[in-house]
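Asks: I would like the entire structure built from these sequences, with the hints used as guidance.
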Amino acid sequence: MLDGKPPTERIPILKMGEFLLVTIQVEMHDRLVMTLQDELTQQIVRHRARGVLIDISALEIVDSFIGRALGNIANMARVLDAETVVVGMRPPVAITLVELGLNLEGVRTALNAEKGMALIRQRLAGTEPGRLDARGS
Amino acid sequence: MPAVREETLGVHSDEDVVRVRQVTRQWALDLGFSLVDQTKVVTAASELARNTLIHGGGGAGRLEELHEGPRRGIRLTFEDKGPGIPDVAQAIRDGYTTGSGLGLGLGGARRLSNEFEIASSPGQGTRVTITRWK
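These protein sequence lines are chains D and X, in that order. Residue 36 in the numbering used here sits at position 36 of the first sequence; the count goes up by one each step and never skips. The number in the numbering used here is simply the position in the second sequence, starting from 1, with 137 added.
If you're looking for bench data, these hints aren't it; they were derived computationally from the structure. Mixed in with the good hints there might be a few duds.
Claimed, not checked - What the simulated footprint calls covered on chain X by chain D, stretch by stretch (three residues with Cβ under 8 Å from a Cβ of chain D suffice, anywhere in the stretch; the number is not a length):
no., region
1, 158–166
2, 170–183
What the hints assert, rightly or not - Pair ranges (Cβ atoms, derived):
no., chain 1, residue 1, chain 2, residue 2, range
3, D, A94, X, R209, 23 to 29 Å
4, D, E18, X, H204, 52 to 58 Å
5, D, V79, X, R209, 44 to 50 Å
6, X, Q159, D, R78, 30 to 36 Å
7, D, A58, X, S150, 18 to 24 Å
8, D, G126, X, M138, 54 to 60 Å
Because the structure is a prediction, the values reported are computed rather than measured. Just so you know, even glycine gets a beta-carbon here, dropped at the ideal spot from N, CA and C.
Replies: Right, here's the structure in full:
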């Protein structure tokens, strides 16, 4: 580094149409979690994103701090009119979360990215004006 | 119970908390813990290391390998010289928090462990010990 500062660590956020995709592939220390939370909310607004997909399949643990951040992201995204889905949670992580006492309230989950994307599309379709009465009465 | 081996790690930064997780994971792996048990003990270690950092102002974590007959276990001790906890019973209860967390740290770590011990007094610091058997 020319300026002698350590590189800013960050988790890449990819824009794909009206979706933002985040794949967490590094060990999440707390500062990194907070950075992700800040950047995601900024990017939702900047790109007018309607959906956020967070892939945590590489995460070996989700402790209360990371779990809380996922909940915060989902809630903030909702306020900004975007749907969040967390995908790919490993089974031992799910078991541990429940025992820890964390129920990830307000966080939608799906088994994998494909199912997660389908869930977001479905939710968005359901909230489109004019689609609510699509089934007729 | 005497430890077969032990290692002490400083807990003074976010990166140190990550290091505690990594070393705990390696030990659990070495001892043949199942994937679920590895995940539980690493998660408990992460909660306690964060408590040491945030509430205790930093400190140390000690890992010990225990043998009791054929049983193998890991004992983790986190110690700080911070302000201490005035009401330990209250601190263990879920939802109790003085920081920005969910208040699941101590109670959660206890649920993820087989044995749990806490010693704390105001102004003296806090020591939390957990053991997870294979």
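Asks: Now tell me if each hint is right for this structure.
Replies: Evaluation of the provided hints:
1. Beta-carbon proximity to chain D at under 8 Å applies to 3 residues in the region 158–166 of chain X; the threshold of 3 is reached and the given coverage holds.
2. Taking a C-beta to C-beta cut-off of 8 Å, the region 170–183 of chain X contributes 8 residues in contact with chain D, enough for the three needed, and the coverage statement holds.
3. For the pair D/A94 and X/R209, the beta carbons lie near 25 Å from each other, so the given range of 23 to 29 Å is met.
4. The beta-carbon spacing between D/E18 and X/H204, approximately 57 Å, falls within the hinted interval of 52 to 58 Å.
5. Hint check: D/V79 to X/R209, Cβ distance near 48 Å, so the stated range 44 to 50 Å holds.
6. Between X/Q159 and D/R78 the beta carbon distance is about 34 Å. The supplied range of 30 to 36 Å therefore holds.
7. D/A58 and X/S150 have their C-beta atoms about 23 Å apart, which keeps the hinted 18 to 24 Å range intact.
8. Taking the beta carbon of each, D/G126 and X/M138 are about 57 Å apart, inside 54 to 60 Å as hinted.
Checked against the numbered hints listed earlier, the structure breaks none of them; every hint is satisfied.
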